[in-house]
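Visitor: Now for the letters of each chain:
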Amino acid sequence: MANDPIHQFQISKWIPIEIGGLDFSFTNSSAFMVATVAAAGAFLFLTTSSRGLVPGRLQSISEMAYEFIASMLRDAAGSQGMRFFPFVFSLFMFVLVANLLGLFPYFFTVTSHIIVTFALALLVIGTVIVYGFWKHGLGFLKLFVPEGVPVVLMPLVILIEIVSFLSRPISLSVRLFANMLAGHITLKVFAGFVTSLSALGAVGVAGAVLPLIMTVAITGLEFLVAFLQAYVFAVLTCMYLNDALHPSH
Amino acid sequence: MPEKPDGGAGKTQGGMAGFGNALKLSSEFIAGIGVGVGLGWFIDRMAGTSPWGLIIFLLLGFGAGVLNVLRSVGQVAEFGAKTPKDGKGSEKK
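If you're matching them up, the sequences are chains A and B in order.
When we follow my numbering, the leftmost residue of the first sequence carries the number 1217, and every step to the right adds one.
When we follow my numbering, the leftmost residue of the second sequence carries the number 6, and every step to the right adds one.
Any given hint might turn out to be false.
Here are the simulated lysine to any residue pairs, SDA-like style, with alpha carbons at most 20 Å apart [stated by the list, open to error]:
{"id": "1", "chain 1": "A", "residue 1": "Lys1404", "chain 2": "A", "residue 2": "Val1421"}
{"id": "2", "chain 1": "A", "residue 1": "Lys1404", "chain 2": "A", "residue 2": "Ser1414"}
{"id": "3", "chain 1": "A", "residue 1": "Lys1358", "chain 2": "A", "residue 2": "Pro1463"}
{"id": "4", "chain 1": "A", "residue 1": "Lys1358", "chain 2": "B", "residue 2": "Val81"}
{"id": "5", "chain 1": "A", "residue 1": "Lys1351", "chain 2": "A", "residue 2": "Pro1366"}
{"id": "6", "chain 1": "A", "residue 1": "Lys1404", "chain 2": "B", "residue 2": "Val81"}
{"id": "7", "chain 1": "A", "residue 1": "Lys1351", "chain 2": "A", "residue 2": "Val1421"}
{"id": "8", "chain 1": "A", "residue 1": "Lys1358", "chain 2": "B", "residue 2": "Arg76"}
{"id": "9", "chain 1": "A", "residue 1": "Lys1404", "chain 2": "A", "residue 2": "Lys1358"}
Read the hints as simulated data drawn from the structure, not as lab findings.
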């Protein structure tokens, strides 16, 4: 159905693969993940291959992306945090390019599925936990003990802090997924108004101008959201990595 | 001090920032409750203490959700930060 706003999120198998009863099919989602990685990699590789001392237009985009993430990470986690730069930069580029690719008509938006964003968030929080324990041992648990809390309240506060820590990957993934899902559904609904109104004849066509303007405006907004959500994801990753590096600042 | 997420780009956008904030804060709150319920259910399932684990962890999750929201609007000190004796982190406002 052309007007179904949910249809765009359906997974379709392109190459069915089944190994040991598990479904490993190559789907449209996998195809767009590959396309995302290929597009991001090709862009960064091609724009920086000339190595101009005075960067051209495209080369300066790559350099700006590098500088942007590097300064964000340095601000949030200090110079020690720079060992995570490849990780944060890859995450940022993946989310950003996936969001932007999803804005093309008929393209699939990888980040509008919660399982994808949740896997990314688990990767972040897994890195924080593993690195935190590896670097600080049990001292990492000091993260859950705020100072200046009365001893009586301590067990309660620690439990709440632990639940709060565990909720981080959930809120990280839900935020990215909900933004992309809501944006794309809104876009589709308004665009659907245009076609169904203009089917009503001359009056309908005149009335369809309003949702058309709205669709154009929301498309612009979606570009902003695509960038903003990639940015928020990267900033929060930096802040969580900071906890792993310095559990008690 | 790490800068607040959304601090720069979102603030100037009017209605858009409101929508973004709504999604951000609600996801923080719901995540806290969701994790509380999940933990409580899991503990009940493992230890057979139904329904006490769910009740207690739902309340803890509610607390964690409120803490997440307050933390993300900068009213409460970050994880592991040193807080003054009154425990409010008032110097950060």
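Visitor: A separate judgement is required for each hint: does it hold in the structure or not?
Guide: Here is what the structure says about each hint:
1. Between the alpha carbons of Lys1404 of chain A and Val1421 of chain A the distance comes to roughly 18 Å, so the proposed pair stays at or under 20 Å and holds.
2. A distance of roughly 16 Å separates the Cα atoms of Lys1404 of chain A and Ser1414 of chain A; the hinted pair therefore holds under the 20 Å criterion.
3. For the suggested pair Lys1358 of chain A and Pro1463 of chain A, the alpha carbons sit about 6 Å apart, so the restraint of at most 20 Å is met.
4. Simply put, Lys1358 of chain A and Val81 of chain B have alpha-carbon atoms about 18 Å apart, close enough for the 20 Å limit, and the pair holds.
5. For the hint pairing Lys1351 of chain A with Pro1366 of chain A, the CA-to-CA distance comes to about 29 Å; that exceeds 20 Å, so the pair is violated.
6. At most 20 Å may separate the alpha-carbon atoms for a hinted pair to count; Lys1404 of chain A and Val81 of chain B exceed this at roughly 39 Å.
7. Distance restraint check for Lys1351 of chain A and Val1421 of chain A: the Cα-Cα separation of roughly 65 Å exceeds the 20 Å cut-off, and the hinted pair is therefore not satisfied.
8. Note on Lys1358 of chain A and Arg76 of chain B: the hinted pairing holds, with a Cα-Cα distance of about 18 Å set against a maximum of 20 Å.
9. Restraint check: the Cα-Cα separation between Lys1404 of chain A and Lys1358 of chain A comes to about 48 Å, which exceeds 20 Å; the hinted pair is violated.
Of the numbered hints listed earlier, those contradicted by the structure are 5, 6, 7 and 9.
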